Amino acid sequence: MTFVDERAGRRAAHGAPTPGSLARGEMECEVCIVGATLAGLWLALGLALRGRDVVVLDPGEGDAGDPLLRRETLRPGLGLTATALCAVADRDTARRLHHFSQTAYMRAVRLLEALGFAPEAEGFIHVPGPRGRLDLIDEAASRDTLGLQGLATLGAGHIAALIGTSAFVGALHDPQAATYSLTGFPRRLAAAASAAGARLLPRTPVVGADVNGVRKYLTCPTLRVRADHVAFCMEEGLAAAAPWLRRALGRGFFVEGVFAPRDTSGTADETVREGGQRGLAFAWQAGKLRVRAPTATHTVRAGAAAVVLRRQGSRLFPTLRRAVTGEARGGSIGTTVHGLPLIGSPRPGVWYAVALGHQAVVNAAMAADLITAAMVDRDDAIQAFAPFAAERSRQVVPALVRPVAYWMGHLADAAERRRAEENDRAAR
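In terms of numbering that gives the first Met the number 0, the sequence shown is residues 0 to 427.
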């Protein structure tokens with residue numbers, strides 16, 4: 000949830016006349032965006048700057064923003080490794096999607112700078128998963144397939160000195176990445192969208208939608224909105240407004256926290272991401288180690304999150320078993336069966352941008368660019384996401400089976416790790 004214009008929300012909630020309203024309790028606009036998320040706000044900003052009459056409906060209270068957006072490393076690639084991207088799309092499609100992400104990354108960095116944000120660190124380190132050197136070889140080959148510049152290879156001794164663990168045989172260093180503290184970013188983005196002319200209405204949940212006709216109708220408890228275009232940009236509350244989109248979404252769970260280890264330290268401030276199905280992401284910051292780890296289920300209590308972090312983090316940093324953990328918490332993100340964000344249009348005038356993952360900022364910028372270009376300029380670039388559309392990406396794994404899928408991935412990583420160790424011993 001993000002900051003929105005509370006005065007506009009009060010006018011709408013009480014049925015008072017608002018700019019563009021047809022009558023008491025009704026409103027008309029060119030574009031109605033459901034969800035004041037990063038994607039929704041970015042899209043509202045872009046469309047308002049292009050002269051469109053935009054209304055954003057948000058069910059929240061207009062607080063300071065999504066708590067997940069504390070710190071994020073921005074980089075191209077849609078949140079996937081080059082190997083993973085090549086695995087889900089053919090070469091031409093993968094190249095096109097990566098190009099969109101590359102463009103969105105540069106636009107996101109420019110907007111962050113314009114809003115007063117400066118990067119805390121630059122660069123990204125890809126360390127291998129359970130397959131060891133083969134992971135690095137595959138990643139380098141996949142980048143070549145995508146037509147990307149090769150990455151610098153770091154040896155075992157070099158990477159150990161940088162990140163404080165000798166668990167890896169090497170790494171790849173990507174200079175095109177920037178880490179930002181994003182506290183307050185949603186609020187500033189909302190203010191920019193509002194200043195551009197978009198109307199943001201808080202406490203306005205959508206309880207029904209009719210989007211099959213030329214004109215689209217969204218029903219709220221005390222308001223009905225009529226629009227030429229509707230864009231669904233939130234993952235919660237879709238059962239009533241867009242059940243077809245809800246069926247394409249899954250949930251991915253994780254825990255994150257900060258350690259202050261006494262006997263371990265690293266000199267690199269870049270974010271480090273481990274390969275494999277259940278790899279960790281971590282970064283050193285002012286002598287503290289920030290770790291994020293995937294989990295099978297949602298972890299509610301901070302104490303439980305700390306236990307999971309110690310257990311998973313100690314695989315790479317043994318001293319974390321007894322280290323003090325701060326800011327430990329559990330979270331979740333929208334996921335898809337193919338790992339890509341859901342961006343598309345199932346029918347004329349209906350759009351969506353959800354499941355942006357841990358690359359929410361860059362993916363939100365990309366979604367806003369593609370939808371704005373399609374809506375205003377009749378550009379068909381968004382069709383590159385058609386093979387991964389929500390209508391074709393229905394989640395077939397029930398919620399009760401998700402823990403089983405998680406542990407299957409965990410066991411697959413363990414098996415690959417043992418196989419890699421055996422191959423290394425045989426090669427000596």
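Calculated directly from the structure, the hints in this document are not laboratory data. Be aware that a few hints might be false.
Stated by the list, open to error - FRET-style restraints, in silico, Cβ to Cβ:
#1 Ser331 <-> Ala151: 50 to 58 angstroms
#2 Pro242 <-> Arg109: 21 to 29 angstroms
#3 Glu29 <-> Glu235: 22 to 30 angstroms
#4 Pro220 <-> Ala86: 41 to 49 angstroms
#5 Ala86 <-> Ala385: 42 to 50 angstroms
#6 Gly154 <-> Asp376: 44 to 52 angstroms
#7 Asp376 <-> Asp268: 36 to 44 angstroms
#8 Gly115 <-> Arg214: 45 to 53 angstroms
#9 Ser313 <-> Ala155: 28 to 36 angstroms
#10 Thr266 <-> Arg321: 34 to 42 angstroms
#11 Ser313 <-> Asp89: 39 to 47 angstroms
Stated by the list, open to error - Under the rule of at most 25 angstroms between Cα atoms (straight-line distance), these lysine to aspartate or glutamate pairs were calculated in the DMTMM-like manner:
#12 Lys287 <-> Glu235
#13 Lys215 <-> Asp227
#14 Lys287 <-> Asp262
#15 Lys215 <-> Glu29
#16 Lys215 <-> Glu71
#17 Lys215 <-> Glu390
#18 Lys287 <-> Glu121
#19 Lys287 <-> Asp268
#20 Lys215 <-> Asp379
#21 Lys287 <-> Glu71
#22 Lys287 <-> Glu326
Source: prediction; values computed, not measured. Backbone N, C-alpha and C define an ideal beta-carbon position, used for all residues, glycine too.
Q | Lys287 paired with Glu121 [C-alpha distance capped at 25 angstroms] | A | Cα-Cα ~17 angstroms, so holds.
Q | Pair hint Lys287 and Glu71, alpha-carbon separation not exceeding 25 angstroms | A | At roughly 16 angstroms apart (the allowed maximum being 25 angstroms), Glu71 and Lys287 satisfy the hint.
Q. Regarding the pair Lys287 and Glu326, is the alpha-carbon distance no greater than 25 angstroms?
A. holds, 12 angstroms
Q) Holds or violated: 50 to 58 angstroms for the Cβ distance of Ser331 and Ala151? A) Violated - the Cβ-Cβ distance for Ser331 and Ala151, about 34 angstroms, lies outside 50 to 58 angstroms.
Q) Is Lys215 close enough to Glu390, meaning Cα to Cα at most 25 angstroms? A) Measuring from Cα to Cα gives roughly 19 angstroms; hence the hint holds.
Q | Whether the CB-CB distance between Gly154 and Asp376 falls inside 44 to 52 angstroms | A | holds, 48 angstroms
Q. Is the gap between the beta carbons of Asp376 and Asp268 within 36 to 44 angstroms?
A. holds, 40 angstroms
(Q) Verify the CB-CB distance for Ser313 and Ala155 against the hinted window 28 to 36 angstroms. (A) At 20 angstroms between Cβs, range violated.
Q | 25 angstroms Cα cutoff - pair Lys215, Glu71 | A | violated, 35 angstroms
Q: Could you grab the alpha-carbon distance between Lys287 and Asp262 and see if it respects the 25 angstroms cut-off?
A: Given that 25 angstroms is the threshold and the Cα spacing comes to 12 angstroms, the pair holds.
Q: With a cut-off of 25 angstroms on the C-alpha distance, tell me whether Lys215 and Asp227 pass.
A: holds, 6 angstroms
Q.
Taking 42 to 50 angstroms as the stated bounds, is the beta-carbon spacing between Ala86 and Ala385 within them?
A. violated, 18 angstroms
When held up to the earlier numbered hints, the structure conflicts with 1, 2, 5, 8, 9, 10, 12 and 16 and fits the remainder.
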